[in-house]
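In order, the protein sequences belong to chains A and B.
If you count by full-length UniProt numbering, then the first sequence holds residues 1 to 461, one letter each, in order.
If you count by full-length UniProt numbering, then the second sequence holds residues 1 to 461, one letter each, in order.
Worth double-checking, as some hints may not be accurate.
Which copy is meant is left open, because identical chains are indistinguishable; a pair holds if it fits in one copy or across any two.
Mimicking DSSO-like on lysine-lysine, the simulated pairs with C-alpha atoms at most 30 Å apart in a straight line are [said to hold, decoys possible]:
| # | residue 1 | residue 2 |
| --- | --- | --- |
| 1 | Lys25 | Lys420 |
| 2 | Lys25 | Lys146 |
| 3 | Lys70 | Lys129 |
| 4 | Lys408 | Lys257 |
| 5 | Lys420 | Lys438 |
| 6 | Lys203 | Lys368 |
| 7 | Lys438 | Lys215 |
| 8 | Lys458 | Lys146 |
| 9 | Lys70 | Lys409 |
| 10 | Lys70 | Lys458 |
| 11 | Lys146 | Lys222 |
| 12 | Lys458 | Lys25 |
| 13 | Lys4 | Lys70 |
| 14 | Lys70 | Lys301 |
| 15 | Lys52 | Lys70 |
| 16 | Lys322 | Lys409 |
| 17 | Lys432 | Lys129 |
For the record, the hints were derived by calculation from the structure and aren't laboratory data.
So the chains spell out like this:
2 protein chains.
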Amino acid sequence: MIKKISGFPEYLPQDQMIFSYVIRKLQLLFEQESFIPMDTAAVELIDTLLSKGNDHEIYGLYRLNGEEKKNLALRFDLTVPLARYVAQNYGQLIFPYRRYHIAPVWRGERAQSGRYRQFYQCDIDIIGKQNLEEEYDAEILSIGCKTLNALGLNDFVVKFSSRDILIPLMILCGFNEDIVFDAIKILDKSTKVSQDQIINDLKLLNCSFNLEAIKYILFYNKNIENSPNGKDQIYDVFNNLSQILEFNSKLIEGYNKLYNIIHKVELLGISKSQLFFDLSLARGLSYYSGIIFEIVSNSFKNLGSICAGGRYDNLVSSFHTKEKFPGVGMSIGISRLIPEMINKQMIDKVSINDVIIIGFENHLEENKEINSIINEDNLLVSYHSKIAQIIRDCGLKVQHYWKRSNLKKQLEYCNKIGVKIVIIARNDEKIKNIVFVKNMITGEQKELALEELYEYLKNIL
Amino acid sequence: MIKKISGFPEYLPQDQMIFSYVIRKLQLLFEQESFIPMDTAAVELIDTLLSKGNDHEIYGLYRLNGEEKKNLALRFDLTVPLARYVAQNYGQLIFPYRRYHIAPVWRGERAQSGRYRQFYQCDIDIIGKQNLEEEYDAEILSIGCKTLNALGLNDFVVKFSSRDILIPLMILCGFNEDIVFDAIKILDKSTKVSQDQIINDLKLLNCSFNLEAIKYILFYNKNIENSPNGKDQIYDVFNNLSQILEFNSKLIEGYNKLYNIIHKVELLGISKSQLFFDLSLARGLSYYSGIIFEIVSNSFKNLGSICAGGRYDNLVSSFHTKEKFPGVGMSIGISRLIPEMINKQMIDKVSINDVIIIGFENHLEENKEINSIINEDNLLVSYHSKIAQIIRDCGLKVQHYWKRSNLKKQLEYCNKIGVKIVIIARNDEKIKNIVFVKNMITGEQKELALEELYEYLKNIL
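Here chain A stands alone, though its shape is the one from the complex (with noise of 0.2 Å):
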């Protein structure tokens, strides 16, 4: 017997089936925004990958007959191989340039941990050359929502941020440039330690800095309820700060910038209900550099964000530095969240079974001729490879059932597939040329002519 390999997760087909519906619904939604599918090779270059500097859990490849050169390894995200694949082709692209990619990534994680090791990375980007208006940033965050709600997920929250407004406050609130970047990094613990411990932290760090301010950072969204939302709290929350702090113009232009883009979010149909200021949200990712933002799903809060992205101006410029490339994507959780979704049946069972044709009876438990057997069987077969065909006309699935077998067992099949429309077509209803149709979901039975195939199907699917 074969073992199972932890950490690299497959469906049953059950389950599969809603997995790939979900993706192929997902493909349709970003090519009616116009993004074009994009398929990078799963192997890049070791250098390639580590040149973003951090330990990302590598799989290389070596070959088990060869001493070749080991410079190939997995990809570990589908960020890093975007950024390469513009930087090579961007003679040939025409920019913006809008990519959606779906498709696995591999990271050797340790299995104990709980993690994937091979996942779903569902990604769309929207790459400029030189600059990229603050629409686009707009329409990425908006995407982002319009897709959880075509896959029902309507009750999350986006939280934002903006690298243009967090960089500029903390540092005058005290962090210069040299650990700013620390300061950060302990804000964007606040959802998991408690005010205090970050505080303690940020203390930790040996300069003065403005407490109140801080204070006012971490604990204004608290009170999330009766909080204005959307552009209104930015205004809202730079409105109090200005009580706190004297602000620079560096600070100002990045926060005209967000809410700009927070006001554009919510001209492209948004609910400002939906969108909240979190100064505390900070992204890992070192790449951004201008919003970011998490949507959080109320039904899944164990998942953490289930969406994620922001804006990226030097992202390609690691691999291609004479030109600018500026950037702004986004990324669905797929492969933690869909499985969650199917727990819940949230996505209705995909049945790949419209109509089967069955009706092959075991001739050899008779007193029959072999070769009179096989004339009547190639009968048959004709004439349901005719009944398929006119399924097929109907623009419906249709399976053909060869097993020679009883009736009864033959139906335990068809519901054992979850299909919708049985058609039974013996050597009694071929010889007088007619069907008998059974539909399994009202469980109506009837006998039709042939001819009455198209019109009953078309009716009733």
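For this one, chain A is given, so just place chain B on it according to the hints.
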């Protein structure tokens, strides 16, 4: 600048759209025939992959940071994962289990040979429990043909044979069971080396064999133009062979089986003129046990077989020995086929862009106040958002274009991306509640009230 990694092909957007489009088309075709999607992990245990005994140029995995045991590797095909999956999950599968699997596989081929190291396989298989009726063999072959037709490849021929015939026939010719597989391997080269060479190679096996029969096997199908084809050709060939060889019951059994299957392929709608009985066809893979077939396209002779498959009764039993899970399947070589089809422009350019909305002007060059620009732009964002929703309601793909530039440059972008309809909505249009519509295919231009847009788009596309 990043190096391309040879052997790992990637497409530019226009070709990627076609590749993705063809894959989706194949998925829908297979689902219409009631095949369930499969998606196993890319990674298997090395022991699993090596269980078939051959050197498959396997890529093993190791962790860049870690001393974990090296027991994982990338799959080299989709057949071993299928057998492993069925052996692992047979208790929860419903048989006959019909699945399709379109996904990349990896082989550490030397790059010099021009072979891909990552390529897509596209497989469909039907796995039974205990037994699997021969109609399933016929169905798989017919779906292979129908799939190629649906891709616009109509000029193909199917070469078929059967292990149930080839093995007893070669034994009757004088190659005993010890060397019959060696003899078949030599026969398999008949499309690559001369007939004389084959006969010489067979002689090196050091046994006396029926030269007349072997010559007939090698030569009868050279005159394929005048042959009767299909099941009649099987009858014909056996009629001729019966004058050279004394048949035994095994051979006659094999003949009857193949004759019946091919008869059913014809009954399922495949033209007999495309079905060629080719006794020199052997197919390298050792796991085939019944019918084997290869489909060759006359448009793409250079590709060899573009679709191939057969019956394998014992594949799953290498992982699970208690029960029998006979199967039949086929594979389409899409990674080589689709690029060739793109080159020959056999697939229409796929447009991901139906409609684009343009019209943001560069007000910074004017003498306007920044706040009034922002307000004007926001009103236009709102107007464009409204227009986009009308387009979506028509079921069309929509792209926002937020870049500020003059109309000429904006139209240049529309031209480059190949969009069908351009909607121009500037401030002037917004104030009058109208849009300019430019049909990029006919060149027609029109001014429409916003309320007329839905009707217009519904009629035109």
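Outcome of the hint check:
no.	hint	result
1	Lys25 with Lys420	both (22 Å within a copy, 23 Å between copies)
2	Lys25 with Lys146	both (13 Å within a copy, 26 Å between copies)
3	Lys70 with Lys129	neither (34 Å within a copy, 43 Å between copies)
4	Lys408 with Lys257	between (69 Å within a copy, 28 Å between copies)
5	Lys420 with Lys438	within (9 Å within a copy, 45 Å between copies)
6	Lys203 with Lys368	neither (93 Å within a copy, 47 Å between copies)
7	Lys438 with Lys215	neither (68 Å within a copy, 56 Å between copies)
8	Lys458 with Lys146	between (33 Å within a copy, 23 Å between copies)
9	Lys70 with Lys409	neither (56 Å within a copy, 47 Å between copies)
10	Lys70 with Lys458	neither (58 Å within a copy, 56 Å between copies)
11	Lys146 with Lys222	within (26 Å within a copy, 61 Å between copies)
12	Lys458 with Lys25	both (24 Å within a copy, 23 Å between copies)
13	Lys4 with Lys70	both (28 Å within a copy, 16 Å between copies)
14	Lys70 with Lys301	neither (41 Å within a copy, 36 Å between copies)
15	Lys52 with Lys70	both (19 Å within a copy, 26 Å between copies)
16	Lys322 with Lys409	between (70 Å within a copy, 23 Å between copies)
17	Lys432 with Lys129	neither (69 Å within a copy, 33 Å between copies)
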